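**Q** Let's have the full structure, built from the sequences with the hints guiding it.
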Amino acid sequence: MSPPVSRFSKLTLESMPTGTPPKARAESRVKEEEKLPQQRHLDQELSSESESDSDSSEFEDESPTVIRSPSKLTYLIDHLPKSTQDAVRDAFTEPPRIALQKCRRIDNTYAFQMTELVTRSIRIRASKDGASQLSCSCGQRDEPCEHLLWLLDQVVKQTVYDQDTAQPLKMTNGGYPKEMGDPFQSIASHHLDLLADGIHCQVINPDSEYDNELDLYRTQEARELLASVYGVPPDEYRPDIFAHPSVGRRVFKRRDLDRTIFRMLLDDHHFFHYFHSLASPTDPINDPFRKLSQRVDHVLRDLDTYAAAASAPAAPQTPDPSRESPRDVRWAAGHITGAVRLIRHELYTRDRPLQPFESISAARSLVRILESVVARNRDSHAGAARRDRNLYLRLIGDCDEDFVLGVLALLPEAASQFLNDLEAVLAQIGVHGAPAPYAARFRALLDRLRTSSRGSGLKRSSVQGQGADRESKRMK
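Mapping of the sequence shown onto the UniProt record's numbering: position 267 corresponds to residue 267, and the numbering continues sequentially without gaps.
What the hints contain is simulated information worked out from the structure, not anything from laboratory work. Computed from a predicted structure; not experimentally measured.
Calculated pairs, BS3-like style, for lysine-lysine (alpha carbon to alpha carbon, straight line, at most 30 Å):
#1 Lys82 to Lys170
#2 Lys170 to Lys157
#3 Lys170 to Lys128
#4 Lys72 to Lys157
#5 Lys170 to Lys291
#6 Lys82 to Lys72
#7 Lys72 to Lys291
#8 Lys178 to Lys82
For each label pair, taking beta carbons as the anchor points, the in silico distance ranges come out as:
#9 Lys72 to Gly433: 37 to 45 Å
#10 Arg301 to Val66: 35 to 43 Å
#11 Asp86 to Pro353: 33 to 41 Å
#12 Asp86 to Asp256: 51 to 59 Å
#13 Asp447 to Pro281: 29 to 37 Å
#14 Asp447 to Pro353: 20 to 28 Å
#15 Ser311 to Ser246: 30 to 38 Å
#16 Ser322 to Ala385: 21 to 29 Å
C-beta atoms are modelled at their ideal positions from N, C-alpha and C, and glycine is treated no differently.
**A** Here it is in structure tokens:
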């Protein structure tokens, strides 16, 4: 029997629905036969790639009531009605060929556009009774359709911080796990733009839907992909293109293949996902620690933007449960601690030892997160309690926990490469003030890292050729 993920691995995200009416899958297959030979060849390559990838995802030893999804999560389904079990099993065993395109928020609705030879549109609506209303343009009503199951699985992978995803999640009749909670509220708490980064999906701003607006995160990932081809760190690749990127009207750039491919990666969602599927697991775009560090950077930018807006007078707003949560200190702290938790989970649940460059990447991400938090010992906005308005106090200054330190301790050799950075951070903490136990744990960690650095065979330069970032800038 083919593994449950064999077809799900072909699914990708692309764009918002543009009004294409639902069509039968039979009609889609007819149209597929009429495609150009070049497109059929591309599809065959994608199919071969996914079949090869699925060989490592066999789930034959598991109970038939536990099913693995394309995102490698597992779900318990034995409590569901037989028809729903069959729907889930079929969707995960023979998933549709989907490309996600765009996503946006329209008032109290999150909209996702995807194509499966024809365009499908998912709607996740807020409901007055507290439960999301889920619908798909495919027209299936009795059971969750394969498009909903696939999309919600991708959303869960990005938004669930507090669950041990190594354990099976309990699937509900709605097509999403119980641990997710309400899908609409889950996205609203996480925020659509952060979700879109993780699922490689463009967010459409209603005010600029028809403008040729640059997608900054897609630009960043395009640079990572192209840098991997040349084996150079992304930050060093083609600064003439990426220091001040611009789109321009023409996709074809004469006498500059790299710039042309960059433009194609921005313009064509299918081409981007195809290019991405060819990247090595060790390339920067597939580095989970780098991606979590980028998520934290995004969160901190949003916090700074919120803080700047909060200082300006604004008209009072009517409470609306469907509104996304404010991008305040509490929200940012939740994402940051969640990212650190996911880094720890990634270290503990791997099926093989970390390679040196992977350890360096994990340590670099943790040090970067720690530096960013320590640098924000200031009130970002109003709040009743000081830990509600100061990110540093919330995560370190007024919190006797081992924020970041406990995970860094798992990587002594890699963390020792950033000893100077960590010493500078500890000096800042000494100025800001922190609970005595936290400062003591920090000093003990540095003592351990000094010992590791004297006997370590790791060098930062040794990992630069593996697609890692450039050497972290040392703090003076």
